[in-house]
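S.K.: Sequences listed follow chains Y and R, in order.
Under my numbering, the residues of the first sequence are numbered 1 to 712, in order.
Under my numbering, the residues of the second sequence are numbered 1 to 653, in order.
If you're looking for bench data, these hints aren't it; they were derived computationally from the structure.
Even for Gly, the Cβ is constructed at its ideal location relative to N, Cα and C.
Warning: the hint list may mix true and false statements.
Here are the simulated lysine-lysine pairs, BS3-like style, with alpha carbons at most 27 Å apart [said to hold, decoys possible]:
1. Lys49(Y) with Lys91(Y)
2. Lys686(Y) with Lys27(R)
3. Lys401(Y) with Lys302(R)
4. Lys549(Y) with Lys430(R)
Just the calculated beta-carbon pair ranges, DEER-fashion [unchecked claim]:
5. Trp680(Y) with Ser418(R): 32 to 40 Å
6. Thr318(R) with Ser630(Y): 13 to 21 Å
7. Arg517(R) with Lys304(Y): 28 to 36 Å
Rough simulated footprint, nothing fancy, chain Y against chain R, three-plus residues with beta-carbon under 8 Å [claimed, not checked]:
8. 291 to 303
9. 439 to 446
10. 453 to 465
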Amino acid sequence: MADKEATVYIVDMGRSMGERHHGRPMTDLEWGMQYVWDRITATVATGRKTATIGVVGLRTDGTINDLEEENFSNISVFFGLGQVLMPDIGKLRETIKPSKTNQGDAISSIVIAMQMIIQYTKKNKYKRKIVLVTNGTGVMSDDNIEGIIEKMKEVNIELVIIGADFDDPEYGVKEEDKDSRKAENEKLLRSLAEDCEGVYGTLEQAVSELDIPRIKVTKSMPSFKGNLMLGNPEEYDTAITIPVERYFRTYVAKPISASSFVPRSGTEPGSQAPSGGNNEGDALASVRTSRTYQITDESAPGGKIDVERDDLAKGYEYGRTAVPIEQTDENVANLQTFAGMGLIGFVQKDQYDRYMHMSNANIIIPQRANDNASLALSSLIHALYELESYAVARLVTKETKPPMLVLLAPSIEAEYECLIEIQLPFAEDVRSYRFPPLDKIITVSGKVVTEHRNLPSAALKDAMSNYVDSMNFVTTNDEGEPTNDLPIDESFSPLLHRIESAVRYRAVHPNDPVLDPSERLTEFAHPSEEMVKNSKSDLEKLMSIADVKKVPPKTKGRKRQRETEKPLSGLDVDALLSLEPKRAKISTENAIPEFKQTLSRAENIDVIHDAVQQMGKIIETQITHSLGHSNYDRVIEGLGTMREELVDYEEPMVYNDFVRQLKGKMLREELGGDRRELWWFMRKGKLGLIGKSEVDSSAVEEEEAQEFLAAN
Amino acid sequence: MAEDSYTREEENYEDEELDETSFKSVKDAVLFAIDISSSMLTPRPSPDPKKHGDESPASAALKCAYHLMQQRIISNPHDMIGVLLYGTQSSKFYDENEEDRGDLSYPHCYLYTDLDVPSAQEVKQLRSLASPADADDDVRQVLEPSKEPVSMANMLFCANQIFTSKAPNFSSRRLFVVTDNDNPHADNKGMRSAATVRARDLYDLGVNIELFPISQPDHEFDTSKFYDDIIYKTSPSDGDAPAYLQPDTNMSTAKGDGLSLLNSLLSSINSRSVPRRSLFSNVPLEIGPDFKISVNGYLLLKKQEPARSCFVWQGGETAQIAKGVTTLMSDDTGQEIEKADIRKAYKFGGEQVSFTIEEQQALRNFGDPVIRIIGFKPLSALPIWANVKHPSFIYPSEEDYIGSTRVFSALQQKLLDSEKLALVWFIPRKNASPVLAAMIAGAEKIDENGVQKIPPGMWIIPLPFADDVRQNPESNVNRAGDSLNDAMRDVVRQLQLPKGVYEPSKYPNPSLQWHYRILQAIALDEDFPESPDDKTVPKYRQVHKRAGDYILKWAEELKLQASEMFGGSAATSTLVKRGAKTEATGEHPSKRVKVEDSASGVEEEVKKCYQKGTVSKLTVVVLKEFLNAHGRATAGKKADLVDRVEQYFEQKF
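Based on the provided sequences and hints, a complete structural model is requested.
M.R.: This is how it looks when you write it as structure tokens:
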């Protein structure tokens with residue numbers, strides 16, 4: 001559990017906070033609230049009841065506080081310590097506006113905040129904090145400042161003072177022509193913060209750092225506690241057993257997930273309450289799911305009947321056979337295993353391909369408080385390191401869990417030793433897709449060719465080499481010295497942080513559009529300008545030698561080379577085909593090949609028209625004779641082929657005419673009854689009209705094509 | 001099937017392989033066409049009489065088909081497979097009657113297993129055909145070769161009809177021809193050209209013919225005699241495939257004795273067991289500003305999980321899978337709602353913060369799909385732990401940019417030669433969330449049968465973001481001294497895997513195999529196998545034999561260093577909370593090489609109690625410690641723990 005928190009934000013709302021200074025587009029208050037809202041919403045986002053917040057206004061028109069003394073006038077407690085919820089954010093937004101006065105003492109407001117914290121937290125364990133945001137104008141009195149400092153230290157409150165245009169030589173802010181009172185106030189506040197061992201900073205820096213995503217620190221729990229074994233201790237005396245624990249080393253942090261809602265009945269979907277979308281929560285009802293079960297029954301209307309969940313047994317599919325498993329031997333299909341990490345053998349580091357890594361990384365450390373285990377594991381880690389080897393082990397994290405094969409790599413740092421553990425692929429996890437070699441071409445006759453348009457020339461290889469060498473990604477350590485690291489610590493999950501900040505922003509600014517991702521999140525989306533500049537000449541040279549040409553979109557996918565449609569021997573099968581007398585008409589059983597072949601031999605448009613007509617007949621007959629959806633896949637294949645071919649032959653009209661008719665007939669139920677499901681398949685396969693974007697000569701505009709597919 | 005896609009939600013899994021371009025359903029159908037001639041049926045003796053290796057080419061082919069069928073039930077549960085025998089005396093094609101000889105459409109073609117998702121029964125039938133020695137006469141009769149030659153044209157058209165009717169609109173349809181006859185119609189020109197025409201039909205239908213040639217003992221299979229007229233260069237269903245691979249005909253003709261024939265056939269069939277499906281296609285690889293080539297992405301490594309359990313209805317003649325239908329309802333009215341009405345909202349401050357669908361999409365949009373190089377680093381900069389998931393494999397495509405292949409090749413070779421990686425900004429598909437990734441070059445790897453094992457190309461390894469890196473938990477470091485490390489080095493040296501390489505193909509996933517083995521047994525009502533064939537269990541005997549002495553030496557050294565470092569009074573550390581440490585390491589009489597601080601004490605104690613029958617008198621702490629040390633679950637009440645401990649001893653003795 002995270003610590004309980006009590007944080008009081010003191011916001012200076014004085015009249016001068018409503019002014020714009022130094023050419024900034026926003027007032028000091030708006031500027032400061034960027035920081036305050038970010039901090040508050042970050043806390044709200046945790047959803048923790050024990051992360052409490054209080055908000056105090058300084059230099060307010062009225063006075064709302066328990067210390068009814070003159071010193072404490074123009075200070076208002078707007079929100080007493082507690083969990084902030086959405087309605088509170090809305091209320092605070094309404095309340096926090098510049099006042100008409102400049103009266104009110106910042107030091108007094110700190111006293112009030114202290115008072116609030118002390119009352120609320122009593123002697124309990126809390127992280128206590130006061131944040132003051134001000135522009136440092138107005139009157140401040142240093143009466144009894146020592147007492148304040150002492151109390152602050154005693155109750156252990158962290159004091160953070162952030163000021164608009166406060167001088168900060170370290171960050172590089174210096175306000176010219178500073179008002180002398182402000183200068184004095186700054187001096188007072190700085191010494192106060194420093195004496196309390198708190199933080200004193202300038203607003204510009206605070207706001208600029210809001211951009212840096214904050215990383216949620218997650219405490220890892222062990223995912224395995226057990227024995228690392230070499231050999232079998234149950235059978236042999238010569239087995240090693242080292243008690244170890246396993247923790248995550250990497251684990252992908254997921255963005256917060258959205259839940260499904262529907263507008264509550266009675267509210268118009270899309271209507272927004274005048275006060276903004278933050279009240280919309282009331283208008284949303286959550287979504288429930290319910291599950292029913294159906295089986296196929298040809299005799300039933302619709303071919304399906306509902307069955308009760310209780311009449312069903314648990315089971316699995318084996319091919320197309322359903323295999324029910326009786327409750328009694330439910331575990332029979334699970335392999336019996338016992339927890340443990342058994343070493344299988346060792347592999348050489350330089351023989352291991354890094355792309356075999358299948359999972360996130362874990363670490364293996366010795367059992368806590370077990371010196372012998374840590375000594376034993378240390379010798380394994382060092383032996384692996386010295387031999388430049390990795391271990392391969394079989395890991396079962398809990399009894400009955402399926403075994404994994406893992407790679408164990410040594411990791412030795414100055415103060416830390418562990419094994420890095422990563423899952424390896426099993427035989428079934430490797431898919432053998434084959435691809436031709438990239439450095440040579442083997443011809444059909446088995447000849448090896450090393451010069452070819454698909455192979456790089458020596459000049460291209462040189463140019464590539466120079467370019468790669470000119471594009472070194474430079475990383476540096478804190479001292480600015482170059483390091484051999486990847487920028488992992490500086491890279492932040494773009495989606496996670498973008499969604500998180502969008503939610504927080506929307507909570508405070510319900511009517512604003514969503515923002516672009518912050519620069520930090522997309523820092524690595526492009527090479528740095530400097531690198532681009534440095535490698536420019538090498539890139540130009542590479543590009544000119546490479547001579548890469550973009551394929552115009554129109555010719556993509558078009559039948560480019562008819563001559564490839566020959567068998568390996570190059571035999572002219574088309575010539576043989578034309579000799580076949582019976583191929584004059586397209587036959588139903590061999591329709592697709594014969595349709596294609598007829599088109600490829602067609603010498604005039606009439607032949608194409610005739611072929612389409614024949615094919616169309618076949619398709620319509622298939623639809624008419626289809627029992628339920630039995631012929632639909634064939635119909636889709638036939639239609640798809642027809643469409644593809646006619647796009648290739650640039651004859652969109654013939655297809656469009658046919659498909660228009662077909663749609664009409666289907667929807668009028670002229671082809672053997674209700675064929676809406678088939679129409680759905682046609683839409684899914686995008687088998688509608690051929691539009692202009694596909695074939696220039698088409699008379700069909702894009703909108704028309706889309707409308708055709710959309711309409712029922 | 002059609003039903004499935006109609007009702008199923010269009011869920012868009014990150015890793016699902018898509019075919020965005022086509023109206024076809026992304027499924028694969030494989031039909032084996034196995035030549036049953038007398039030469040195919042002649043067993044080829046193994047040169048080593050002790051090895052049980054007699055195998056005829058036909059039975060090797062059937063075994064491969066059986067193997068592939070079993071494998072695909074696991075890996076591609078919705079894909080189809082069938083077996084067509086040709087050149088047989090008898091004929092069978094759906095409900096055609098054997099008696100009306102004259103009217104047979106496809107004489108001497110025997111459709112043994114219809115093209116479909118296999119049923120358990122069909123698996124069993126194929127198994128009995130693959131090992132005919134154990135089968136009954138009916139089965140063996142099927143394998144009677146015909147006296148007259150079979151027409152290849154007829155066989156090819158038979159296959160055409162099977163594909164047309166059983167696997168319509170599949171994106172991948174493949175005919176695997178296994179034969180040792182390289183010139184079926186040597187003396188009949190008419191038959192020969194009829195076959196080439198039928199082969200062309202298959203090509204136009206989108207069926208790929210893949211040949212698995214077998215050389216005869218005295219005759220090398222020569223594809224130029226006949227098959228070069230039958231087989232086409234590019235697969236029509238894979239139009240954007242790179243120039244077709246050198247067909248394996250020359251490289252991997254199966255030959256030799258029974259066993260090696262079977263193995264090489266298996267290896268070349270395995271390499272084509274799944275059709276190539278891309279994960280993303282024609283994504284620009286941006287090498288520099290304004291310099292792009294196009295690549296396709298594939299998943300070559302993907303964790304294979306057993307299919308999820310489902311609900312089975314047993315009320316009818318055959319058991320049937322019940323399909324679950326989910327309806328969405330509004331919580332306040334209970335009315336069914338349309339998907340289009342659903343809005344997404346985030347919980348925040350006790351309420352919902354909502355976005356319109358367009359806003360949701362805008363938030364996820366970080367630009368078009370791209371692999372953009374932002375710089376290069378030495379390969380050594382990639383830490384071994386910097387990994388979050390399996391990699392993607394990329395290979396060039398000429399579809400969008402002519403010249404992609406040569407540029408990709410130059411980059412791949414450069415990265416291999418200078419051991420560098422490219423740092424890339426990677427958006428694999430529209431609206432996918434971007435990652436920073438390391439792109440590394442991979443060299444081609446060939447197995448002992450000359451079949452490609454790992455293709456040449458590049459791999460994209462997504463890196464963890466700072467958000468994904470966990471802090472190391474505290475751990476006490478006791479650095480081992482040199483002599484202890486030396487002793488462990490001797491142990492490690494003894495136990496290298498062959499060639500010092502991890503070879504995935506040697507380790508089938510034991511729980512996956514067991515799962516399907518049991519399902520098969522239940523489906524066929526057979527006895528369960530006794531024990532699993534688990535190749536991942538370490539070879540204990542070998543460890544003992546090869547490294548036993550070294551391990552004992554290491555243990556001695558450990559004892560020595562431990563007593564030096566922690567002394568007799570190990571309790572100096574405040575972390576120590578268990579007492580029996582010194583006993584376990586220093587004075588324990590057994591040779592057992594344990595470094596647990598207290599378990600051996602517990603071990604003895606529990607064992608004694610078991611023998612006396614007083615396990616239930618032990619405390620829960622002791623029971624749990626004992627169970628944990630033996631990899632047993634430690635959840636449950638005390639009675640469960642006692643049961644488990646007793647079970648442990650019962651199994652052992």
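S.K.: Indicate, hint by hint, whether the structure satisfies it.
M.R.: Against the structure, the hints come out as follows:
1. With a C-alpha separation of about 19 Å, the suggested pair Lys49(Y) and Lys91(Y) falls inside the 27 Å cut-off, and the hint holds.
2. For the hint pairing Lys686(Y) with Lys27(R), the CA-to-CA distance comes to about 18 Å; that is within 27 Å, so the pair holds.
3. This hinted pair checks out: Lys401(Y) and Lys302(R) have alpha carbons roughly 19 Å apart, not beyond 27 Å.
4. Straight-line distance between C-alpha atoms of Lys549(Y) and Lys430(R) comes to about 24 Å, which keeps the hinted pair within the 27 Å bound.
5. Between Trp680(Y) and Ser418(R) the C-beta distance comes to about 54 Å, which lies outside the given range of 32 to 40 Å.
6. Checking the proposed 13 to 21 Å range against Thr318(R) and Ser630(Y) shows it holds: the Cβ atoms sit about 19 Å from each other.
7. For Arg517(R) and Lys304(Y), the hinted distance range of 28 to 36 Å is satisfied, since their beta carbons lie about 33 Å from each other.
8. Counting residues of the segment 291 to 303 of chain R whose beta carbon lies closer than 8 Å to any beta carbon of chain Y gives 9, which reaches the threshold of three, so the coverage claim holds.
9. Check result for the segment 439 to 446 of chain R against chain Y: holds, 3 residues qualifying (beta carbon to beta carbon below 8 Å, three or more required).
10. As drawn, the segment 453 to 465 of chain R meets chain Y at 10 residues by the rule of a beta-carbon pair under 8 Å; at three or more, the given contact holds.
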